[in-house]
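Join the two chains into one complex using the hints; note that each chain is given alone, in its own frame.
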Amino acid sequence: MKMLVVEDERGLAESVSAYLTKEGFICEIASTYAEADEKIFLYRYDCVVVDLTLPGGDGFSLIKSLKSLSATTGIIIISARDALEDKIKGLEIGSDDYLTKPFHLSELNARVKSLIRRRNFGGHNEIRFQEIQVLPNSRKVYIHDRETPLSRKEYDLLLYFLSNIDVALTKVSIAEHLWGDDIDSADSLDMVYSHIKNLRRKLIEKGAADYVRSIYGIGYKFGLS
Amino acid sequence: MKLLTKTNRVYLSFSTGIYLLTALAFYAIIKLVIYDEVESRLLVEKRDFEAYIQAHNSWQGGYFVENKIAVVPVKHALPTEDFKDTLILNRYDHELVPFRELTYYTRINGQAHRVSIRKSLIQSYRLIEVITVSMIAFLSLLFLCSFWFQSRLSGQLWQPFYNTLAKVRKFDLSSSTPLHLPAEEITEFNELNDVLQKMSEKIHQDYQSLKEFTENASHEIQTPLALINARVEQLIQSDTLTESQSYWLDEIYRASRRMSKLNQGLLLLAKIENRQFADVDLVDLYVLITEKLCDMDEVLQHKQLRVFTKGTATFPRMLPVVLAEVLLSNLVSNAIKHNVPGGLIRIESTTGQLCISNTGPAPTIPPDRLFERFKKGRDATPYVSPTPHDNEGMETIGEENAPKQYAPMNSVGLGLAIVKQIGDSYGLTITYTFADGEHRICLR
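Chains as they are written, first to last, in the UniProt record's numbering: chain A, 1 to 225; chain B, 1 to 444.
Mixed in with the good hints there might be a few duds.
To be verified - Subject to a maximum C-alpha distance of 27 Å in a straight line, what follows is the list of computed BS3-like cross-link-like pairs (lysine-lysine): (1) A:LYS2 - A:LYS64; (2) B:LYS68 - A:LYS87; (3) B:LYS211 - A:LYS89; (4) B:LYS271 - B:LYS68; (5) A:LYS89 - B:LYS261; (6) B:LYS420 - B:LYS375; (7) B:LYS119 - B:LYS167; (8) B:LYS211 - A:LYS87; (9) B:LYS261 - A:LYS153; (10) B:LYS375 - B:LYS261; (11) A:LYS89 - B:LYS271; (12) A:LYS87 - B:LYS167; (13) B:LYS68 - B:LYS46.
Hints are computed from structural coordinates only; laboratory data are not their basis.
If we strip away everything but chain B, and leave its shape as in the complex, we get (with noise of 0.2 Å):
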């Protein structure tokens, strides 16, 4: 809801509150005034009656205008003497007149009677609704234009807050313009585009510095481990190592390349995340996808994996060429990886869906949790040659570095936290399932 609509909506259910109330009240006091007005004229003429009876001990009306006083003759004089409303038919053109009523006993010639004196309230109630209609129509006239100025009032009062809200939503983090706040008039919003000018100003300074540190961070990082492999490199030029030294510093090595790609990985990921990626493209993601896995044609025959294509549409999305390139491959070399010798890989492109399934084992951790950073399912099946080793009469080459040897080299566990963050950041809805024996990875 918009403040003004919710200030209108408030001050219009309080003022029609306020409103009835006093219409009640003023009708109330008016309606009171007048009863009061009528009955004390009831008690003169009652004593213009007693006066009357006093002066002739007898009644024989006349003296007062017709419903005006009722006597009547009764065993009883009770010592009452009440008013009430009641209604009497006109003889002229009979309609029930309202009438304002004393009765109380008395005593004519020792017989006891009771006497009804009446007061016509037909002006009186003329009155009330003259008053009635007219302070209706100037409350609502009142009410109209206050409600007409307030609205007015309050939408030029928060008129600078609206323009900040403005700015504040096209303020693009990544942009170097900083936020530019006018002074304002009014105290309080002055105040609050100063407190947003030096937010934003400490949130730019504290993106340009993160940005600034990863950058430096992963440069320094590099460095020191591009001279742990060298000094490798060196050392195994040596003739004289040991089986085992030999073993170590391949473990270094290996250590080493790998921490190398968990920085480069990470350092993606936070620039994915800060949006250091600015040019956005139209990229055609299938076509993108189907030339991934031409490039990795040889990965593909040397572990034997039948590829499938069925693309009945495009896949175009806005998303920066480079992200593409590295959302696909890490897509496609994960299908390859969890993959069997033998296996198959299936591109499908259907309206606004792309999915890359693949036969391979089953997961090993939950659905939901495959996209987090450093999770891992089981290292990737080692891949044991098909055809055993023929050398032809050959002498052996290092049968020792034949491939059921190697220990698959752990894989960094970046790959699928990666792609979600790049889908994330740009539109793309990722879905993972696992049927009959299929892992199946959608864009959407």
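Excised from the complex, chain A in its bound form (with noise of 0.2 Å):
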């Protein structure tokens, strides 16, 4: 899976690069418009991150030229603005997906996925992870082949938890996936923390093993300890 990130703060385009490539993406950076103009000319990428304000133009005309030089290459904007006229005109010119700054690389990881998930069997495929399957299709959940029926925020949160694996989650950043930007923290935080044990409960009674471990201060990892 290839990958351009465009982003004028080097420091933020590395971390994104670096983050994704750990994922097992490809990663290519481009810091203004003409290198990204150049870039997606010449290569082929299977997904592109934009930002909109950028030196030398515009993230509008990137995503522009980028949708009639190869259709099927996923989108998502990377914007510090926030306002819905924004998101309404990205999403209008043909792009799939809009964050706003400042986001967290496991959200954008997981929208990168859900994505290239998307375009690639067009939600016909399957996820797994050890005993665990999911189907994102019909959001059905099996644990030795055998169905194990998730409320809905524990299927978000174990779809975000396969998204991310052997990464470490902040609170924060699965509270804000479960509920929106909005969500008031203090509350948010305690229903992660109910819904993050009964996801673990009904996976374990189920048969498969215990992958979700806390990290003191942080949040919660997912994965082969």
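Structure (structure tokens):
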């Protein structure tokens, strides 16, 4: 999977690229409009992450030319502008998702993966981790091939974990993934705790190993320890 | 008071005053002239009388007509000679007739006499009357004419001023149409228009640059914050972090999230103040607030809050949909945040009023300062799970992450300020009361 990160803030571009590389993507960085324009003209990418305000040009026009060159490339906008008009305009000209800065890398990673799943398999795929199998299209979870009913939030939580295997996830990023940015933190952190507790109980009851680990002061990690 | 009314009023009172003074002066002068004339005639007659007495040394009367002269013998002659007004009954029609009388003393045949020579004033009075009446008529006519002319003239003279006023009033800062004021014939108005035009251009420019500044500032702040967040997220992937390092990282992470929220809140406030939300729609706030509560269902259940809604009337208001959402979600999350476990939230919509009340501890800041920026009450009561955590025999997952140890994340203290700002900008009166352990915020 090839990715292009178009972002003028060098450190942020590096962070995103490093995070995604660890997740198995081949990542390239473009920090100006001209550089990005040249890269999308020369190479094909599976997914492009674009900042809207770039030196030398506007992210929107980059998206437009990208769409005309390669219609199948997934596009995610990352922008500090959180005006509704920008979001609508972004989606109208063909981007697939919109993340407002500052965002969680784990959230970006989950969105990239979900986008690539939708692009490549039209959702008719499965996610497999050890004995856990998830069918995103029907939102069904199987453990040892036995269906395991989960609540909506527990399902979202599991999918978020599966997109970020062996990654330390902050409580805040989990809360904002489940309920959006505006959720009141104190309450949502409690709810994260109880959802994780329930998810873990259900998975273990159906015979899965315990993959959730808590990290002191930070949050949780899902994976083989 | 309108300018023209004021000038008319001043003009009217001033010219009435002048007019009355002129009339009085005129009257006095005419009277003076007439008296002077009458008195000099009386003196002439006195001389005639003296000459007659000298010639005849006696007085039989008959030389003068009735009432014209009276000669009365007195004991002592006085050396005085004076004029006075007197009324004498007319013999025929029994009317009192005004006379001017000259009284002096003289000796006739060695005997002292008081002599009064009189002259009728009736003709002179008629003259004064005629002159006064015609003067009143002419002056009134002149007065009315000049009043009419003056008000017409000043109406026309001030017309450019009223045009300018109407244009300035219509001028809308947030719209992109600049203020256009035409050149006028009168220098002062021309200067006024010039100054206003320049001023409006400057204001418009400042407004635009402020708008751009707030947007750019937000962008410039959010990007480094995004970098901090990303770097912290990378850092926490390290397996070698000590407990205190993790704690510090968590603090950095939360602080940067808070800063970002603060920045977004301030930007929103600035945008509302600058009226950058243009499209207003008719929004039923009662329907919207019940929807917002439904969205928060999970939190409500979690905090075991009961919700009662009582709507006897809809509450439609004109405001931008985005801001209606912000307004109500701030109110709802406020009601949840400052609630007590097992408490309640009440929504009441009656004609012209929408109220949201919630149970909670008494406020720690005076109610009138509650809507100020960065005015925070004590932090929301940390939630304590009502049932002990039963882990059903499982190995505990990170008991250190259990809710009882969460420090409640500080709110940025802008929620109610934003509510107030939206209210002020779109004609909603927002009031807060606390009674019987319930906080109550009402929109009118």
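We went through each hint and held it up to the structure:
Annotation: proposed proximity of LYS2 of chain A to LYS64 of chain A holds, straight-line Cα distance about 20 Å (limit 27 Å). Taken as a hint, the LYS68 of chain B and LYS87 of chain A pair is broken in the structure, with Cα atoms around 114 Å apart against an allowance of 27 Å. Annotation: proposed proximity of LYS211 of chain B to LYS89 of chain A holds, straight-line Cα distance about 20 Å (limit 27 Å). As the CA atoms of LYS271 of chain B and LYS68 of chain B are separated by approximately 99 Å, the hinted pair breaks the 27 Å bound.
A distance of roughly 24 Å separates the Cα atoms of LYS89 of chain A and LYS261 of chain B; the hinted pair therefore holds under the 27 Å criterion. Taken as a hint, the LYS420 of chain B and LYS375 of chain B pair is honoured in the structure, with Cα atoms around 13 Å apart against an allowance of 27 Å. Using a Cα cut-off of 27 Å, the hinted pair LYS119 of chain B and LYS167 of chain B is violated, with the two alpha carbons roughly 73 Å apart. Taken as a hint, the LYS211 of chain B and LYS87 of chain A pair is honoured in the structure, with Cα atoms around 19 Å apart against an allowance of 27 Å.
Of the pairs offered as hints, the one joining LYS261 of chain B and LYS153 of chain A holds, with about 24 Å between alpha carbons and a cut-off of 27 Å not exceeded. The suggested pairing of LYS375 of chain B with LYS261 of chain B holds, with an alpha-carbon distance near 16 Å, which does not exceed 27 Å. For the hint linking LYS89 of chain A to LYS271 of chain B, the alpha-carbon distance of about 20 Å falls within 27 Å, and the restraint holds. The suggested pairing of LYS87 of chain A with LYS167 of chain B is violated, with an alpha-carbon distance near 37 Å, which exceeds 27 Å.
For a cut-off of 27 Å, the pair hint linking LYS68 of chain B to LYS46 of chain B stands: about 11 Å separates their Cα positions.
When each numbered hint is compared with the structure, violations occur for hints 2, 4, 7 and 12.
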